[in-house]
Amino acid sequence: MNLKKIFITSIIICLCLFTQIISGESTTDNDVENELRIADKTGDWGYPNPYLGYARGPGYMRMHFIFDTLVWKDETTQYIPLLAENWEYLSDEDAYVFHLNKDAKWHDMEPLTAEDVVFTIQYMKEHPYGWVVLDSVDRGEALDEHTVKIHMSGPYAPFMEDIGGTMPILPEHIWKDVENPMDFIDETAFIGSGPYTYVDFSKEHGTYQYRSFDEYYLGKPIIDQLIYVKTGDPQMTLQRNEVDFASIKPDFIEQMKEKGFIVIDGPHYWNKKLMINHNIEPLDNITFRQALAYAINQSEFVDKSIRGHGKPASYGLISSESEWISPNVPDYPYDPDKAMELITSLGYELKDGFFTKNSEPLELQILVSMISTGGEGTPDRDGEIIKNQLEKVGIKVDLTSLDTKIVDTKVINWDFELAISGHGAIGGDPKILYEKTIQVSGTKPSPNCARYNKSVELNELLDDLMHEMDPQKRKEAVFKAQNVYARELPAISLYYPTWYNAYNPDAGIEWFYTIGGVAKGIPIPQNKLSLIGTIGEGKEEITDSTSTPVSEGGEEMTDSTSIIPVENETESSPLILCISVIALLLAFFVIRIKRS
Amino acid sequence: MHNRFLRRFKQNRIGMSGLFIFLFLLILAIFAPVIAPYDPWDYSFGYLLPPSIDHLLGTNDIGYDLFSELLWSLRTSIFFGISVGAIASIIGLLIGVSAAISGGLYDIIVMRIADALLAIPTIMVLILIAAYFKPSTIVLIIALSLIIWQTIARGARAQTLSLKSKLHIKAARNMGASTPYIIFKHILPELFPLFAMGFVTKVRIAVFMEAGLSFLGIFDPTSKSLGIMMNYAMRYLYLDVWYNWLFPTVISLSMLIISLALMSYAIEEIFDPRLRRDNIA
Chain A
1 MNLKKIFITS IIICLCLFTQ IISGESTTDN DVENELRIAD KTGDWGYPNP YLGYARGPGY
61 MRMHFIFDTL VWKDETTQYI PLLAENWEYL SDEDAYVFHL NKDAKWHDME PLTAEDVVFT
121 IQYMKEHPYG WVVLDSVDRG EALDEHTVKI HMSGPYAPFM EDIGGTMPIL PEHIWKDVEN
181 PMDFIDETAF IGSGPYTYVD FSKEHGTYQY RSFDEYYLGK PIIDQLIYVK TGDPQMTLQR
241 NEVDFASIKP DFIEQMKEKG FIVIDGPHYW NKKLMINHNI EPLDNITFRQ ALAYAINQSE
301 FVDKSIRGHG KPASYGLISS ESEWISPNVP DYPYDPDKAM ELITSLGYEL KDGFFTKNSE
361 PLELQILVSM ISTGGEGTPD RDGEIIKNQL EKVGIKVDLT SLDTKIVDTK VINWDFELAI
421 SGHGAIGGDP KILYEKTIQV SGTKPSPNCA RYNKSVELNE LLDDLMHEMD PQKRKEAVFK
481 AQNVYARELP AISLYYPTWY NAYNPDAGIE WFYTIGGVAK GIPIPQNKLS LIGTIGEGKE
541 EITDSTSTPV SEGGEEMTDS TSIIPVENET ESSPLILCIS VIALLLAFFV IRIKRS
Chain B
1001 MHNRFLRRFK QNRIGMSGLF IFLFLLILAI FAPVIAPYDP WDYSFGYLLP PSIDHLLGTN
1061 DIGYDLFSEL LWSLRTSIFF GISVGAIASI IGLLIGVSAA ISGGLYDIIV MRIADALLAI
1121 PTIMVLILIA AYFKPSTIVL IIALSLIIWQ TIARGARAQT LSLKSKLHIK AARNMGASTP
1181 YIIFKHILPE LFPLFAMGFV TKVRIAVFME AGLSFLGIFD PTSKSLGIMM NYAMRYLYLD
1241 VWYNWLFPTV ISLSMLIISL ALMSYAIEEI FDPRLRRDNI A
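Sequence lines, in order, name chains A and B.
Each residue of the first sequence is one higher than the one before, counting from 1 in the working numbering.
Each residue of the second sequence is one higher than the one before, counting from 1001 in the working numbering.
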């Protein structure tokens, strides 16, 4: 009886195993010829739709394959046609006119029309979308089926990048009845007009799957299937050829190159900066802040904290690699003596190596965060280095390490003296200078915004920067604003780290860093243009970019792509076969022994 | 009583090996400023240098001499451990004895607090404290001591209660001895084994806790700590620097914890008749 039971069970188990093998093989056969995998360390960045994706760079990247914007950017050119074939700015009416691509279709094959653009503007005004602020836009107007006119409510210089190149267009026929976009998760929520259609997203596994949209108006994408996989060590996965594109550690550049991978390093659009509480003594004094700048040795940060993989920052916030960089930003070459001289000029006396005033020692607290509640530690040596540098010039430093969120909260509440922070988007549109200097009323305070509203001169220049529509005049304002910023130092930029990515050229895709970053400045080299080949040449030459909330460490730069035929299953199948046979034999053997 | 303990401890090989390892590490820690070849906060050396005569264990990612850093970290760990061990044991002993002697409502309240503390996961409390207060070493020493005294208090209370009913104490009381006299002359000496065991155990817990917390990044980032060293070493594991960076750190911490564990095991064996090997034999 027992023998029979065991025999039957074993056979069933074997059959199951076989079926798995068979089904495994058949999926391999059915696999699309052309598949590309991108590895990511975090995995879950929210559903790939405008409202459900997480408001971070990678969340936008997951969505941008499905939803197109009016214009786009590539490696070298600011604005190139995407949904809009061409466009013009009517200065007398303060409006933009976009001529849409007549071939553009939604994934459900409905045509994309000017009404959809008008609807999107209206919808996003009613249901604010984190990436796009539409305060500057009055309304959209469909001039004909493929022409849309966007009326501005006032001059807004960063329009093209901020809205034209970032706002994903939504299909009116689907979204018009959606009351609450945050609850809208049915299949139609992922119908866009981009080169890829949504296939699957698994929150638990952190995987995304897309299939190419054959009717895409710019031609069928090169890669049929695009997959994001979650992996603990993207670089290792890349080396094992399981993916074709991954972020890599700087120490492996040569090794990866030797193995035939192509290594790309990002432009320096992200800066580590020292936040200053300019409301309290002695940090409210410009001279004191300048003394800090002289006391800080930026090169030492680059050499020690990031072991040479980066460069010292410009003091004017805008990246020194941006075309908006002012040619004469005030500089503060490392000069501890000068720093001490400036501090002395403020009435401090040097006693036992440290400054005092009215017998009060000059002590500053610096907040750093080495832990984050998410579990991802981002320890670095910046705190230790700055403490050392400031103590050299006689400023006592109390270095305090707190959770990232607590540091952010303390900075927002002005409950700090100095804090180390960082943000991106300094290589794109110069409006970042406005956003990270001035607290815009009615918006949530950002922990990396200096909120320095007290300089009338700077306020005026920043106002021009945002509203001056004449490119030349705007540029002048941007240069001047940087110079004033660097002179008054509401915050001190420290350095730009370099991030490296590598990809397998055999996959047939050439990845690149987008000028100024994707959309509002996301420094992730996964521009969808890589997958659809080149499109038309750009129209204007403007630099822009916006901050990508890549935040500390840039851990999200962990993506990679590659075409991998799924071979593993065929390799493992003989093993499974052997194991099942052995299991069967063992079962018999055990029974026989028991019986005897 | 004490002489007997010392004699027995000397005979206990496990205890003695633990003691020797601990003393060795203690000497290294105490004389770290003399032994360490460089200032552990001096990062002017090249980064990630392999071990050499100049740098016995090489240097780390920022350019600290790893050997010097290791010695100073050991110093932090041992200082932290002994401080917490001493404070927690004293608190535990005081509370336990006083609860047993005074009894009544005080006894009930204090022992219920002890029970409640037993149920609270220490590490979570410390992380919360670290998140909301400035986590200086002293603050953490006090915080940890205030959380882990309860086992000693329970032991001390139980033993005091049983001692209270012993004949010699009753005799002393009948002869007019005051309570403080009885506590200091009769009860505390009897509690020495419990104190010694509790102390060593708490030192071990504290050393481990310190390493864990600093590994998580809760400690002062500029202090030298085995946990912080490990945290950074883990980030550079891919560079094959484990043998001169992670390995010595882990070994030092393990040795420290093992030596304490051996000692507490030996003490327990000496005082607990059930564990005594000669009895079993």
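There could be a bad hint or two in this list.
[What the hints assert, rightly or not] In the EDC-like style, the derived pairs of lysine to aspartate or glutamate whose C-alpha atoms are separated by at most 20 Å in a straight line are:
#  : chain 1 : residue 1 : chain 2 : residue 2
1  : A       : Lys396    : B       : Asp1240
2  : A       : Lys259    : A       : Asp284
3  : A       : Lys105    : B       : Asp1039
4  : A       : Lys41     : A       : Glu187
5  : A       : Lys249    : B       : Asp1240
6  : A       : Lys338    : A       : Asp352
7  : A       : Lys392    : B       : Asp1240
8  : A       : Lys405    : B       : Asp1220
9  : A       : Lys454    : A       : Glu488
10 : A       : Lys396    : B       : Asp1042
11 : A       : Lys444    : A       : Asp415
12 : A       : Lys392    : B       : Asp1039
13 : A       : Lys257    : A       : Asp506
14 : A       : Lys41     : A       : Asp284
15 : A       : Lys396    : A       : Glu468
16 : A       : Lys105    : A       : Glu187
17 : A       : Lys257    : A       : Asp233
18 : A       : Lys203    : A       : Asp214
19 : A       : Lys410    : B       : Asp1039
20 : A       : Lys220    : A       : Asp108
21 : A       : Lys480    : A       : Glu384
22 : A       : Lys149    : A       : Asp94
23 : A       : Lys105    : A       : Glu75
24 : A       : Lys410    : A       : Glu391
I should point out that these hints are in silico values taken from the structure, not numbers from a laboratory.
Hint check:
For the suggested pair lysine 396/A and aspartate 1240/B, the alpha carbons sit about 37 Å apart, so the restraint of at most 20 Å is broken. A distance of roughly 53 Å separates the Cα atoms of lysine 259/A and aspartate 284/A; the hinted pair therefore is violated under the 20 Å criterion. For the proposed pair lysine 105/A and aspartate 1039/B, the alpha carbon gap of about 67 Å is over 20 Å, so the pair is violated. Taking the CA atoms of lysine 41/A and glutamate 187/A, the gap is near 26 Å; set against the 20 Å cutoff, the hint is violated.
Restraint check: the Cα-Cα separation between lysine 249/A and aspartate 1240/B comes to about 14 Å, which is no more than 20 Å; the hinted pair holds. The hinted pair formed by lysine 338/A and aspartate 352/A meets the criterion: a straight-line CA distance of about 19 Å does not exceed 20 Å. Under the criterion of a C-alpha separation no larger than 20 Å, the hint pairing lysine 392/A with aspartate 1240/B is inconsistent with the structure, at around 34 Å. Of the pairs offered as hints, the one joining lysine 405/A and aspartate 1220/B holds, with about 17 Å between alpha carbons and a cut-off of 20 Å not exceeded.
Of the supplied pair hints, the one linking lysine 454/A and glutamate 488/A holds, its CA atoms being roughly 10 Å apart against a limit of 20 Å. For the hint pairing lysine 396/A with aspartate 1042/B, the CA-to-CA distance comes to about 17 Å; that is within 20 Å, so the pair holds. For a cut-off of 20 Å, the pair hint linking lysine 444/A to aspartate 415/A stands: about 17 Å separates their Cα positions. A distance of roughly 15 Å separates the Cα atoms of lysine 392/A and aspartate 1039/B; the hinted pair therefore holds under the 20 Å criterion.
Our distance criterion of 20 Å between C-alpha atoms is met by lysine 257/A and aspartate 506/A, whose separation comes to about 14 Å. Restraint check: the Cα-Cα separation between lysine 41/A and aspartate 284/A comes to about 41 Å, which exceeds 20 Å; the hinted pair is violated. As the CA atoms of lysine 396/A and glutamate 468/A are separated by approximately 44 Å, the hinted pair breaks the 20 Å bound. A distance of roughly 17 Å separates the Cα atoms of lysine 105/A and glutamate 187/A; the hinted pair therefore holds under the 20 Å criterion.
Only pairs whose Cα atoms come within 20 Å are accepted, and lysine 257/A paired with aspartate 233/A is accepted, the gap being roughly 18 Å. Distance hint between lysine 203/A and aspartate 214/A is unfulfilled; the C-alpha atoms sit about 27 Å from each other, more than 20 Å. Between lysine 410/A and aspartate 1039/B, the direct Cα distance comes to roughly 33 Å. Violation of the 20 Å bound is thereby established for this hinted pair. For the hint linking lysine 220/A to aspartate 108/A, the alpha-carbon distance of about 16 Å falls within 20 Å, and the restraint holds.
With a C-alpha separation of about 34 Å, the suggested pairing of lysine 480/A with glutamate 384/A is violated against the 20 Å cut-off. About 10 Å separates the Cα atoms of lysine 149/A and aspartate 94/A, which keeps this hinted pair within 20 Å; it holds. For the given pair, lysine 105/A sits about 26 Å from glutamate 75/A by alpha-carbon distance, which is inconsistent with the 20 Å threshold. Straight-line distance between C-alpha atoms of lysine 410/A and glutamate 391/A comes to about 24 Å, which puts the hinted pair past the 20 Å bound.
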